[in-house]
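Go ahead and model the full structure; you've got the sequences and the hints to work with.
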Amino acid sequence: MELQVIPQTQPPISDLLTVKAYFASVDEIHRFNIPPNIDLNKFKQQLAILYNECVDGNKPEETNLLDIFNKKMSVGEPKEGHIKPKDLVLQYEDDEQDWISARTEADWSEAIKIQLNCKNRGVNQLLRIKASLKDPSLAQPDAIHEGIPCANCDMNEIKGPRHECLHCYEYNLCGTCYKDQQEGLDVHDANHSFKTIHTPVYNTRHSLTRFSPYQRNHQKKHMHRPMKTVHYVPDEQHAVNYDRQLEDLSNMGFIDRASNLHFLKRHNGDVNRAVAAILETQQQVVPQNNVPQNESHEMTDEQVSQV
Numbered sequence: 001m002e003l004q005v006i007p008q009t010q011p012p013i014s015d016l017l018t019v020k021a022y023f024a025s026v027d028e029i030h031r032f033n034i035p036p037n038i039d040l041n042k043f044k045q046q047l048a049i050l051y052n053e054c055v056d057g058n059k060p061e062e063t064n065l066l067d068i069f070n071k072k073m074s075v076g077e078p079k080e081g082h083i084k085p086k087d088l089v090l091q092y093e094d095d096e097q098d099w100i101s102a103r104t105e106a107d108w109s110e111a112i113k114i115q116l117n118c119k120n121r122g123v124n125q126l127l128r129i130k131a132s133l134k135d136p137s138l139a140q141p142d143a144i145h146e147g148i149p150c151a152n153c154d155m156n157e158i159k160g161p162r163h164e165c166l167h168c169y170e171y172n173l174c175g176t177c178y179k180d181q182q183e184g185l186d187v188h189d190a191n192h193s194f195k196t197i198h199t200p201v202y203n204t205r206h207s208l209t210r211f212s213p214y215q216r217n218h219q220k221k222h223m224h225r226p227m228k229t230v231h232y233v234p235d236e237q238h239a240v241n242y243d244r245q246l247e248d249l250s251n252m253g254f255i256d257r258a259s260n261l262h263f264l265k266r267h268n269g270d271v272n273r274a275v276a277a278i279l280e281t282q283q284q285v286v287p288q289n290n291v292p293q294n295e296s297h298e299m300t301d302e303q304v305s306q307v
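Residue 1 is where the sequence shown starts when you use full-length UniProt numbering, and the numbers rise one by one after that.
It should be emphasised that the hints constitute simulated quantities derived from the structure, not laboratory data. Cβ atoms here follow ideal geometry from the backbone N, Cα and C, with glycine treated the same way. There may be inaccurate statements among the hints.
To be verified - Capping the alpha-carbon separation at 30 Å, the derived lysine-lysine pairs in DSSO-like fashion look like this:
no.	residue 1	residue 2
1	84	20
2	195	179
3	195	84
4	134	84
5	195	159
Stated by the list, open to error - Quick list of simulated restraints, FRET-style, between CB atoms:
no.	residue 1	residue 2	range
6	97	195	36 to 44 Å
7	196	20	31 to 39 Å
8	280	195	55 to 63 Å
9	54	117	28 to 36 Å
10	193	15	47 to 55 Å
11	191	266	53 to 61 Å
12	273	192	32 to 40 Å
13	182	97	31 to 39 Å
This is the structure we're talking about:
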């Protein structure tokens, strides 16, 4: 179904406003005239037509936007690489050379007003417009996903957006097959969801796979299988028994079992290092010359906590 735009009468050149539009996505600059009473939606519609002409490789020669009002704009899904008016984001340059977003009719009216004021003052200032895309990925219609084939057709490497199944292992569809899937054709499980990927991601495994016809066929045959969920179960941690080391420390005169166990765990059961740590701690807490000879090496809970 197509929409025929009704031709409109072209006003005198003196009543037109001059626009200089920058299409960042296709690196194009176009200069043309518009009537001062054109609304934002109509302006974006014609910009979309002009953008699509550039994508198709056509270089419009019209200097007046009214001259392409006779072109037909499809109301269905656009061709690959084409955009709709809603995909455009506009900015205009104000008197202070700042770029202001034109999202509403009020914003657009202000842009027209600025240009009219300059024209009335005899200043030959253009209405400068930046036209960009809401979704930058739309500017990559011919992206090739190397090594990633379509699981349904014979496309060895998907060109354009690829659609990855979120339930199956390495199951991807090209744009055409995904459209068939959405229309209910018997392509894939209707209950499965897909993620659309526009920008190719380099994958060494995929890149190697594409050189092997056997691997490609094997992958297509088995990629419909649902992914298995693997749960990681950590190894059981066995408690370490330090009874022998505790007995050795007790025979040495270190009778504080809790303190001894603390240092043994800290030094992985090394008795010599545990003894050195205990003695160092006791020297830090109480000077050696103040410790009676017959006093035990028992540590208080506060000393242990400080360690």
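Under the constraints set out in the numbered hints, which ones does this structure not fulfil? 12, 13
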